[in-house]
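Chains as they are written, first to last, in full-length UniProt numbering: chain A, 1 to 478; chain B, 1 to 349.
These are calculated hints, taken from the structure and not from any lab test. Possibly wrong hints are sitting among the right ones.
[As the list claims (entries may be wrong)] Simulated pairs of lysine to aspartate or glutamate, EDC-like, Cα-Cα distance not exceeding 20 Å: (1) B:14 x B:255; (2) B:172 x A:374; (3) B:172 x A:126; (4) B:172 x B:157; (5) B:74 x B:96; (6) B:45 x A:225; (7) B:45 x B:331; (8) B:74 x B:132; (9) B:172 x B:70; (10) A:421 x A:356; (11) B:172 x A:223; (12) A:281 x A:106.
[Stated by the list, open to error] Restraint-style ranges between C-beta atoms, simulated for each label pair: (13) A:107 x B:68: 55 to 63 Å; (14) A:208 x B:107: 53 to 61 Å; (15) A:339 x B:189: 45 to 53 Å; (16) A:395 x B:229: 45 to 53 Å; (17) B:331 x A:395: 44 to 52 Å.
The beta-carbon is built from N, C-alpha and C at its ideal position, and this holds for glycine as well.
Residue strings, one per chain:
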Amino acid sequence: MSTLTALARAQAVATGRAQAVATVRHLHVHDHPMVLIPLAMAGEANAPLAALAGTDPARPELLVVTQPRDRDERFRFADRLGELLVSYLDSFTDVTEDVPVDRGKDVRTRYVDAPQLWVPNPGGVDFLRLFGRSTRFRTVDGEHPVPAAVPLLGRWLTFFANSAEVPGSSLLLNAVQALGLHWATGQSGAEDAQLGVLLAWIEEGAVAARAVENGPVAGPATDPDFDNRVLAPLIERQAPELPEVLRDLMLPTWERMWRTLNLLRRLPAGERVAQRWDGDKDAFTAFHQYLAEGGAPQPRRDGAVAAAARLQRLESAASRYAVQRAFDDPLVLAEYRLAGAAFAGTVTLAAPDRVDDTGRRPVLRPRIMVRTAEPVRVEPGTSLTSPARPSQRARVISVTPAGSPGESDVLLELSGGMGRKLVAEPGSVPAAGERLVLTTLSEEFRRSGSLPDPAETPWTHGGPPVVAEDSAGQADQQ
Amino acid sequence: MTRLDELRGPGKAKRHNARTIAALTGNPGCNRRAVLDAAGVDKLKLADAVGFPGSFGQSRFALSRGNAFEAMLKADDCALLRSVLGAGDAALGYQDLGADSDDTLDDRHSRTARLLASAEAALIDHPLLTLEVAGQTVYLEPDLVAYAHEGRLQVVEIKSFAVVDGQAESAKVSAAATQAATYVLALRQLLERLGMDPLLVDHEVVLVCPRNFAMTPVAVRLDVRKQLATLRRQLSRLASVGEIIDALPAGLTFDLNQPSTELTAALEQVTPRYAPECISTCELSMFCRNEAAGTTGALGRPVREALGGIETVGEVLALASGSQPPTAEQEEAAAMLRHALRLRSEALS
Numbered sequence: 001m002s003t004l005t006a007l008a009r010a011q012a013v014a015t016g017r018a019q020a021v022a023t024v025r026h027l028h029v030h031d032h033p034m035v036l037i038p039l040a041m042a043g044e045a046n047a048p049l050a051a052l053a054g055t056d057p058a059r060p061e062l063l064v065v066t067q068p069r070d071r072d073e074r075f076r077f078a079d080r081l082g083e084l085l086v087s088y089l090d091s092f093t094d095v096t097e098d099v100p101v102d103r104g105k106d107v108r109t110r111y112v113d114a115p116q117l118w119v120p121n122p123g124g125v126d127f128l129r130l131f132g133r134s135t136r137f138r139t140v141d142g143e144h145p146v147p148a149a150v151p152l153l154g155r156w157l158t159f160f161a162n163s164a165e166v167p168g169s170s171l172l173l174n175a176v177q178a179l180g181l182h183w184a185t186g187q188s189g190a191e192d193a194q195l196g197v198l199l200a201w202i203e204e205g206a207v208a209a210r211a212v213e214n215g216p217v218a219g220p221a222t223d224p225d226f227d228n229r230v231l232a233p234l235i236e237r238q239a240p241e242l243p244e245v246l247r248d249l250m251l252p253t254w255e256r257m258w259r260t261l262n263l264l265r266r267l268p269a270g271e272r273v274a275q276r277w278d279g280d281k282d283a284f285t286a287f288h289q290y291l292a293e294g295g296a297p298q299p300r301r302d303g304a305v306a307a308a309a310r311l312q313r314l315e316s317a318a319s320r321y322a323v324q325r326a327f328d329d330p331l332v333l334a335e336y337r338l339a340g341a342a343f344a345g346t347v348t349l350a351a352p353d354r355v356d357d358t359g360r361r362p363v364l365r366p367r368i369m370v371r372t373a374e375p376v377r378v379e380p381g382t383s384l385t386s387p388a389r390p391s392q393r394a395r396v397i398s399v400t401p402a403g404s405p406g407e408s409d410v411l412l413e414l415s416g417g418m419g420r421k422l423v424a425e426p427g428s429v430p431a432a433g434e435r436l437v438l439t440t441l442s443e444e445f446r447r448s449g450s451l452p453d454p455a456e457t458p459w460t461h462g463g464p465p466v467v468a469e470d471s472a473g474q475a476d477q478q
Numbered sequence: 001m002t003r004l005d006e007l008r009g010p011g012k013a014k015r016h017n018a019r020t021i022a023a024l025t026g027n028p029g030c031n032r033r034a035v036l037d038a039a040g041v042d043k044l045k046l047a048d049a050v051g052f053p054g055s056f057g058q059s060r061f062a063l064s065r066g067n068a069f070e071a072m073l074k075a076d077d078c079a080l081l082r083s084v085l086g087a088g089d090a091a092l093g094y095q096d097l098g099a100d101s102d103d104t105l106d107d108r109h110s111r112t113a114r115l116l117a118s119a120e121a122a123l124i125d126h127p128l129l130t131l132e133v134a135g136q137t138v139y140l141e142p143d144l145v146a147y148a149h150e151g152r153l154q155v156v157e158i159k160s161f162a163v164v165d166g167q168a169e170s171a172k173v174s175a176a177a178t179q180a181a182t183y184v185l186a187l188r189q190l191l192e193r194l195g196m197d198p199l200l201v202d203h204e205v206v207l208v209c210p211r212n213f214a215m216t217p218v219a220v221r222l223d224v225r226k227q228l229a230t231l232r233r234q235l236s237r238l239a240s241v242g243e244i245i246d247a248l249p250a251g252l253t254f255d256l257n258q259p260s261t262e263l264t265a266a267l268e269q270v271t272p273r274y275a276p277e278c279i280s281t282c283e284l285s286m287f288c289r290n291e292a293a294g295t296t297g298a299l300g301r302p303v304r305e306a307l308g309g310i311e312t313v314g315e316v317l318a319l320a321s322g323s324q325p326p327t328a329e330q331e332e333a334a335a336m337l338r339h340a341l342r343l344r345s346e347a348l349s
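Looking at chain A on its own, in the form it has when it is part of the complex (with noise of 0.2 Å):
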């Protein structure tokens, strides 16, 4: 927890009203998201009970499993999510767009738009994984067959799982997480963890809060309560008003949800969050693609080269997704100020056609003076960045105390983000006079590090994973 968003959920408290922890937003939202409420039934293994789902505020779709030990009612129940799903899917595989690779030198085709997946809390998330764990080895022929549409659900559902752990990518988004990136009540994590409580401190404050806490759960889990004296009469009885009171249920969470999205749409969306989105386009073109030509259901565990490849795309995004945040972000930038690893601070003294000629070739290296009162924590030789020229460093030369107790000077050499020529663009040196933010974070590139191919996984990763048997293995799966 930083201090800033501590002292936010202070600031909610005193004034009964959800405070602001970003100025932009930093998710991209779908005009056409599908929207995905699970409830899990309690005490078996992640078997779904119901789920209210659609794309249409106005007509949510409800499926139940009326006898949740029937196996075939549970499979109808995957197959009807299935065929939902897929359809709005490929509802994104009609028009495809063609962005330059290698410099302009390629071309690369991808889908202009990519779905979006919303479910209510990170344990929608988890059901999502473990329905799609449960579902995608099953065949459509042999012992036990399933309908096409269930193992091919499986597939989707693990990789938007596997998407929602990326930073940064808005494939399958939860909207307990999305509100607390954005503000911050006057209670703890533990109680925010409940839509319905955050979203009414957000959209009213503490007092409404206080109103809807025991109101119904937003699922997975069911409440024990409603499981032994609604639920479990109704299921014994085989009563045929069972979808009816389970979408009772689910209704108001569902209103919630397309409440979020309209006040998560109200906010000005990031400038680097389009970007990201492009990222998600990129990733659901190349999954769709996969499976067109008959991609296997991803193992159950990935073997150690495809772990450690994972674990380094899952570092690198998370860096830059912590960057990108702060770079538009004044107030998430803020943090980092008080951290230590940011300051503000006014030019006080520009140098913009200084060049150094010490070298081969002479070079354009401007000089700027900056004048902060925030304490300065970087050692001479540090490369540092401003949000508002990303492409330009700032190499420190020199910190010294200025005139006022608390002050000081910063000299810094620019090199970047300037032009090619031997006089810098105009406005890409910072003037006299300007206010400027200049950080240790850097947007730069960072190259990972290679891995071996998987075939030739070195005894100490417990050697070439073994194939064949993921595909073929039925038994334990009931």
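We have chain A already, so just place chain B on it with the hints.
This is chain B only, laid out in the frame that chain A set:
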């Protein structure tokens, strides 16, 4: 009538179990919980009586699946349990000490002790163990099988949450590990009292869970040394509850027949330590949360720490705006809060 009976009133005493001990050690600084648990007060009814009811039910679907799984493992003289434990030895006996009423607890405990002392190869079900908690002897009725083989004892816990591809929900695994550690500790104390080597009880426990999405069992071995160390430390930190009780005003009681105003007044006599984690583990949490409104602790420990450990929200904001001068030890926190407020206001303007 002992002081504890007096505190509880005429109601029947609630007994400790591994779960309540885990909750108690999870928040060892809470005198209120320590006292109420020691006296065996029914906290659920108490919470209801003071107007802050909580819901702590368990779904009957979850219960029936748990029972079905356990019955399946124990059917036919534990045939399935033996095979999943790899205990093929036909000579391995199965003894069920069964459940019994309160007045025969001592008897069952001594039978447990006798059996464990002599057991060489056996599965022992429903043993009755004791543990010293906050200066009190607490009976534990683990629904477990102590698996005695090759002169060693191992705790086996049957849980009905699924292990999918070798992974299970971490919250459930850690709860099970803490519970199992409680049993390991209790078994070790028992052996010690019998003059045997406590280390005969393995620090590796066996969790038997359904594998993947079916009811096929799988045995997973868990090293609970870390949980044991935590448990020991927390149990020793639990201020001796006797001292706390002695310091309470004479005549104080949580007799549920009193009017709610008097019960509330009685509760206020015992210092709580509310944290948001209480919500999922303590029946009285809604009462304490209401009481703790306006404190930084009610927002969670990380928030409190990020705010420099300042006690109340009002003080945090007063220090941040500079309207309240900081005390000597608040200097550092106050400077950080002022800087934070400046940065926040600048970014939001």
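Tell me, in ascending order, the numbers of any earlier hints that this structure violates. 2, 7, 8 and 17
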